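Protein chains: 2
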Amino acid sequence: MAKHPKLLIVGGGFGGLAVARAMAREPVEIVLVDRHNYHLFQPLLYQVATAALSPAEIAAPIRRILRSQENVEVRLAEVTTVDVVGKTVTLQIPGGGQLLESFDYLVLAAGATHSYFGNDGWARWAPGLKTVDDALEIRRQVLAAFEAAELEEQEQERRAKLTFVVVGGGPTGVELAGALREIAVESIPADFRRVDTKTARIVVVEGQDRLLPTMSACASGRALKDLTAMGVEVKLNTLVTEVTDSGVVFEGKLLPASNVIWAAGVKASGLGAQLGAELDHVGRVKALPDCSLPGRPHVFAIGDMACLADPQTGLQVPGMAQGAMQMGAFVGRTIADELKGVESRGTFHYRDKGSMATIGKARAVVDMGRLFLAGLPAWLFWCFLHVFFLIGFKNKIVVMLSWAWTYVVHSRGARLITRDPRSTNAHDPDISR
Amino acid sequence: MAKHPKLLIVGGGFGGLAVARAMAREPVEIVLVDRHNYHLFQPLLYQVATAALSPAEIAAPIRRILRSQENVEVRLAEVTTVDVVGKTVTLQIPGGGQLLESFDYLVLAAGATHSYFGNDGWARWAPGLKTVDDALEIRRQVLAAFEAAELEEQEQERRAKLTFVVVGGGPTGVELAGALREIAVESIPADFRRVDTKTARIVVVEGQDRLLPTMSACASGRALKDLTAMGVEVKLNTLVTEVTDSGVVFEGKLLPASNVIWAAGVKASGLGAQLGAELDHVGRVKALPDCSLPGRPHVFAIGDMACLADPQTGLQVPGMAQGAMQMGAFVGRTIADELKGVESRGTFHYRDKGSMATIGKARAVVDMGRLFLAGLPAWLFWCFLHVFFLIGFKNKIVVMLSWAWTYVVHSRGARLITRDPRSTNAHDPDISR
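Just so you know, the protein sequences line up as chains A and B, in that order. Numbering of the first sequence is given in this note's numbering, commencing with residue 3 and proceeding in unit increments. Numbering of the second sequence is given in this note's numbering, commencing with residue 3 and proceeding in unit increments.
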């Protein structure tokens, strides 16, 4: 029996899984490597950070997802080096040891991490939100801030402990700010005796002139109106110039705040730098229209690692789940066709199915082509779609139940402060997957 | 208005909560201090360690539990010193700072932690199971062991990675061993390609001549029979003499094992040593029949911190939830009576409502007076009681759903490897709550 060609996929996110699934019935030996043992449904990660959901409810073991696809092996390891000429990658095994893994085809789908625009020292005071561990760290800080405020005797210090600054007004920033406000105003006021948690300030700082800059003007306007109505303060056209242990500096002034969350920028996995290909300003690989690397037809970059414009529309493929999934499915079909003898490759076209952001309970915005939804209908649509795409039937039920619970009794189901605070170096934002 | 007397409760476990609840309508100012913000339903903690449940499903914020009881304030802090003469305690606030808290009455309900019988160095290789962080660490190690075995090329090393030793054959040890075996045999075999997880060895090492030494001989015999039928190896009359990074030594031989879990012994919170009272061999305070300290009628020790025999039966009050709850309610009533002018104090009597342990799916043992149950009826009874006593309506639903899920599709809902391995000093077993 002839040995099948070997496809190595780096990353078990939306993109990597889509590649594997597109090749379920192909005569190919697939190895999928991820440094986590689970696929994470990142669109709901902010709900873990804000104590509404538990990590396990939005994550599923990659092995479990692919268990019945017999041409796939899953490895829990971190890719440390990529050799596109020799066609090998080095895997660092957790707990020690290295493995050399060869490939015939390589798909890089290792995602992105947050970027502090060269100010990596800010990471210590302003954690970002990309991994489960990030979310648990933010949850810990947020819940601990209210506890510390309850015990604080100095009014000024208490104000700082009750001030939450979200840097960045994209979907993650908007969603975090709305949820933080709901915690302070709805979930916990009756639990505290000394401090009035309703007085907590939630401030969103955005550098551009509108919230949700990647969405429609309608969505931006409505998000601003809704967040303001909820009591969130929004600063537009405002750049953060410093983050320290005492707060955030913008417009030349320090806003004393114990709680700063970074939702401002991302950069692609550091693996892109090893490919010898040109990168854009956020570290994404400039890919050809078939998602492959220039001069390396057997190496592909997809999802948040790829910089690619749709040749028809000229628009960049956005760094969202649907972009990664579409690219993954396209690359899977491309390789499958090539193995069947098809010589010319197609061109990737992005099909924009719309974008959305939730703002708070019964408040969301949805852009779908020329259709715009807001308020309760948008929120219900958002809930439905997120549950629909969540992996795992039990997770779907539990998440719906948790949302109903939060909606009806204003309770947050995962209000646990676990773990010691991270040590400084654990904030190291260099998370090449 | 006269200031109410102040009752300080250290610990928000079963005992501390029972004290607070017993005094819900009394003219008293209650302060409850815990170093965690949640009450933990410890009887189900092993299910977090074995990936069946998420931490939030068996924990509830103490503030939330007591939110409507207006005479209680909750503080998230660690008690570092107790002055029973000056009637003050020192609180260490997470994140820095100290508070001095005075009291008229003090109830110590700070629980217990695991004890390595003087071999604290073993903690590094054999984590115990007392806190949520402990459970997540064990979950991480267990799941990572199978992942590492999948990548291991040396047969001998792979065997060690697939060998799990549980030290201690009490309820926790039996429950852990059964669940580990179910993971290896039912939950994950189809997810792995190279390694046969069904070949994993689970070994329970118990120093006494039977499992579940605190239960009836019927229960011990049935537990041994059921565990053995499930494929767990049980070593009775066997003392562990060494635990290292390569395994466990007993009967003069090293059993190579990457995974050792400590379920062998507990010791009471270190706070007991500060009271000037006599302690027993596991650090529990020798309390008077009214749970107070000799010569200190305003200071009480309850639950796992108290060494107390029922004067009628001569039997020690066992270190279980029901013992702590009964003591807590008794002490609450005692103080309430005293505030009403009752001069003589009663004597605490323990009412044994029975004890139980689960062994595996549809297998459990229950002792209730002269009644003994085993197998499916015992297991259903165990499930019912644990769900019944779990705090929070939503938690009850989610836990039932998770169990049904595990029962029907053999899936474990919380199979996530999160966090970096603990640093060595984080294993420091001195966890005075």
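Hints in this document: simulated from the structure, not taken from any laboratory. Only a predicted model underlies this, so the values are computations on that prediction, with no experimental measurement involved. Hints may be right or wrong, so weigh each one.
If several chains are the same, the list does not tell them apart, and a pair holds so long as it fits within one copy or across any two.
To be verified - Each computed DMTMM-like pair below joins lysine to aspartate or glutamate, with the alpha-carbon atoms no more than 25 Å apart: (1) K5 - D193; (2) K396 - E103; (3) K342 - D292; (4) K237 - D247; (5) K255 - E31; (6) K89 - E235; (7) K237 - E103; (8) K5 - E152; (9) K5 - D339; (10) K227 - D247; (11) K8 - D211; (12) K89 - E155; (13) K5 - E72; (14) K227 - E72.
Right, here's what the structure says about each hint:
1. K5 - D193: between (64 Å within a copy, 23 Å between copies)
2. K396 - E103: neither (35 Å within a copy, 46 Å between copies)
3. K342 - D292: within (17 Å within a copy, 83 Å between copies)
4. K237 - D247: within (21 Å within a copy, 54 Å between copies)
5. K255 - E31: neither (58 Å within a copy, 43 Å between copies)
6. K89 - E235: neither (52 Å within a copy, 46 Å between copies)
7. K237 - E103: The answer is neither: 49 Å in one copy and 41 Å across copies each exceed 25 Å.
8. K5 - E152: between (65 Å within a copy, 21 Å between copies)
9. K5 - D339: Answer is within: at 18 Å inside a copy they meet the 25 Å cutoff, but 83 Å across does not.
10. K227 - D247: neither (31 Å within a copy, 58 Å between copies)
11. K8 - D211: This pair counts as neither: shortest intra-copy Cα distance 48 Å, inter-copy 55 Å.
12. K89 - E155: Intra 62 Å, inter 22 Å, cutoff 25 Å: inter-copy only.
13. K5 - E72: within (15 Å within a copy, 72 Å between copies)
14. K227 - E72: neither (51 Å within a copy, 37 Å between copies)
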